[in-house]
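Just need the whole structure built from these sequences, with the hints factored in.
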Amino acid sequence: MNPLPMPDRLPPLDPDSQAHAEAVARYLRRRIDAAGGWLSFEDFMDQALYAPGLGYYAAGSRKLAGGADLAPAGDFVTAPELTPLFGATLARQVAQVLAGCGGADVLEFGAGTGALAESVLDACDALGLRVSYQIIEVSADLRERQQARLARRGERVRWLDRLPESFRGCVLANEVLDAMPVRLFRWGETALLERGVAWSGDRFAWADRPAPAGLAGMVAARMPPLPGYVSEINPRAEAFVRGMGQWLEAGAALLIDYGFGRSEYYHPQRLEGTLMCHLRHVAHADPLVAVGVQDITAHVDFTAMAEAALEGGLEVLGYAAQASFLMNAGLAELLAAADPSDARGHARAVAPVQKLLSPAEMGELFKVLAVGRGLSQPLIGFARGDRRHAL
Numbered sequence: 001m002n003p004l005p006m007p008d009r010l011p012p013l014d015p016d017s018q019a020h021a022e023a024v025a026r027y028l029r030r031r032i033d034a035a036g037g038w039l040s041f042e043d044f045m046d047q048a049l050y051a052p053g054l055g056y057y058a059a060g061s062r063k064l065a066g067g068a069d070l071a072p073a074g075d076f077v078t079a080p081e082l083t084p085l086f087g088a089t090l091a092r093q094v095a096q097v098l099a100g101c102g103g104a105d106v107l108e109f110g111a112g113t114g115a116l117a118e119s120v121l122d123a124c125d126a127l128g129l130r131v132s133y134q135i136i137e138v139s140a141d142l143r144e145r146q147q148a149r150l151a152r153r154g155e156r157v158r159w160l161d162r163l164p165e166s167f168r169g170c171v172l173a174n175e176v177l178d179a180m181p182v183r184l185f186r187w188g189e190t191a192l193l194e195r196g197v198a199w200s201g202d203r204f205a206w207a208d209r210p211a212p213a214g215l216a217g218m219v220a221a222r223m224p225p226l227p228g229y230v231s232e233i234n235p236r237a238e239a240f241v242r243g244m245g246q247w248l249e250a251g252a253a254l255l256i257d258y259g260f261g262r263s264e265y266y267h268p269q270r271l272e273g274t275l276m277c278h279l280r281h282v283a284h285a286d287p288l289v290a291v292g293v294q295d296i297t298a299h300v301d302f303t304a305m306a307e308a309a310l311e312g313g314l315e316v317l318g319y320a321a322q323a324s325f326l327m328n329a330g331l332a333e334l335l336a337a338a339d340p341s342d343a344r345g346h347a348r349a350v351a352p353v354q355k356l357l358s359p360a361e362m363g364e365l366f367k368v369l370a371v372g373r374g375l376s377q378p379l380i381g382f383a384r385g386d387r388r389h390a391l
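For the sequence shown, UniProt numbering assigns the number 1 to the initial residue and increments by one for each residue that follows.
Warning: the hint list may mix true and false statements.
[Unchecked claim] Label-pair restraints from in silico Cβ distances:
(1) Ala140 <-> Arg26: 29 to 39 Å
(2) Ala220 <-> Ala23: 38 to 48 Å
(3) Ala383 <-> Arg168: 19 to 29 Å
(4) Pro15 <-> Trp159: 29 to 39 Å
(5) Gly188 <-> Gln377: 43 to 53 Å
For the record, the hints were derived by calculation from the structure and aren't laboratory data.
Where is the CB? At the ideal position from N, CA and C, for every residue including glycine.
If you want it as structure tokens, here you go:
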């Protein structure tokens with residue numbers, strides 16, 4: 001295969017990354033051929049991210065920046081890598097959930113570099129709360145990084161290979177739902193089309209075909225026909241949240257991600273959907289290039305997640321912008337504890353917090369949805385600015 005074309009606006013791939021992208025492309029071409037020349041985007045995204053030994057999260061490339069190398073390493077930075085104050089603040093909400101359900105366990109999905117686990121454990125220790133921490137991680141290399149980072153915690157941290165049969169405690173999922181493969185659709189002049197991927201010449205290309213009845217019904221229930229409109233629906237993420245009702249015996253799940261309520265998600269002006277890719281800290285919207293080397297995500301329809309929780313027998317306990325949630329949970333108090341006489345250290349502490357809170361950065365785009373059962377007290381993170389009425 002000749003080198004796959006890369007748009008000029010994207011950073012060039014190093015030789016190893018280029019070779020990996022070509023290997024993934026050959027694999028996906030075989031999948032497309034086996035499927036008759038057309039692969040649904042859901043399957044394409046699934047394989048590009050999770051194909052054993054090849055997908056972005058299943059192969060060994062460095063994904064997340066961390067520590068002092070935030071800018072040069074990885075493809076993107078998450079809130080826990082920006083500052084331990086994110087996890088320390090989250091720990092205050094965790095503590096309330098554990099007290100309310102009589103549990104002592106935290107279960108994190110997709111723990112990244114282990115930064116969130118580390119900061120939550122440190123903060124819980126400072127609060128006098130000794131918790132047991134469990135992690136479910138699909139990426140083998142991220143799991144290794146987590147194990148190295150959390151080794152000092154010994155038996156308090158365990159990695160699970162499957163969902164628990166029952167769980168009492170607090171579930172954390174930071175930027176997990178956005179990485180679940182989505183179904184892509186486009187409204188035609190007379191009917192809904194499902195968007196898939198074909199091979200054309202020397203590259204992958206979009207290809208649409210009539211949507212099956214199930215997809216057409218789900219989309220029609222969420223938005224009116226708008227010819228030319230392209231967007232996504234995420235049945236896998238909905239199934240994940242709905243399934244929590246089968247094993248979350250008591251406690252709460254905190255789902256933190258970028259997204260919107262349904263009316264904003266399917267706003268008529270959002271004509272091209274929410275697909276977003278990350279490659280070496282460059283965000284763009286073309287998932288058909290650098291396959292296996294770049295991350296592919298879609299924003300979260302939080303209305304759909306809330307509905308899925310209710311269908312699973314859970315309660316919707318709160319929904320708020322990240323900035324509001326963090327301030328309610330005590331971020332300002334934690335920041336105030338930083339020594340103002342150390343000007344340089346204080347500036348290092350404040351700068352990432354501004355990114356977490358700013359409406360132009362993560363403060364408004366990121367939301368926190370809490371679902372669960374068996375809790376009698378309102379959650380502190382939603383004391384002000386709860387937007388459940390807008391879901």
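Hints, one by one, checked against the model:
no., hint, verdict
1, Ala140 <-> Arg26: 29 to 39 Å, "22 Å, violated"
2, Ala220 <-> Ala23: 38 to 48 Å, "39 Å, holds"
3, Ala383 <-> Arg168: 19 to 29 Å, "24 Å, holds"
4, Pro15 <-> Trp159: 29 to 39 Å, "33 Å, holds"
5, Gly188 <-> Gln377: 43 to 53 Å, "50 Å, holds"
Of the numbered hints given earlier, the model fails hint 1 alone.
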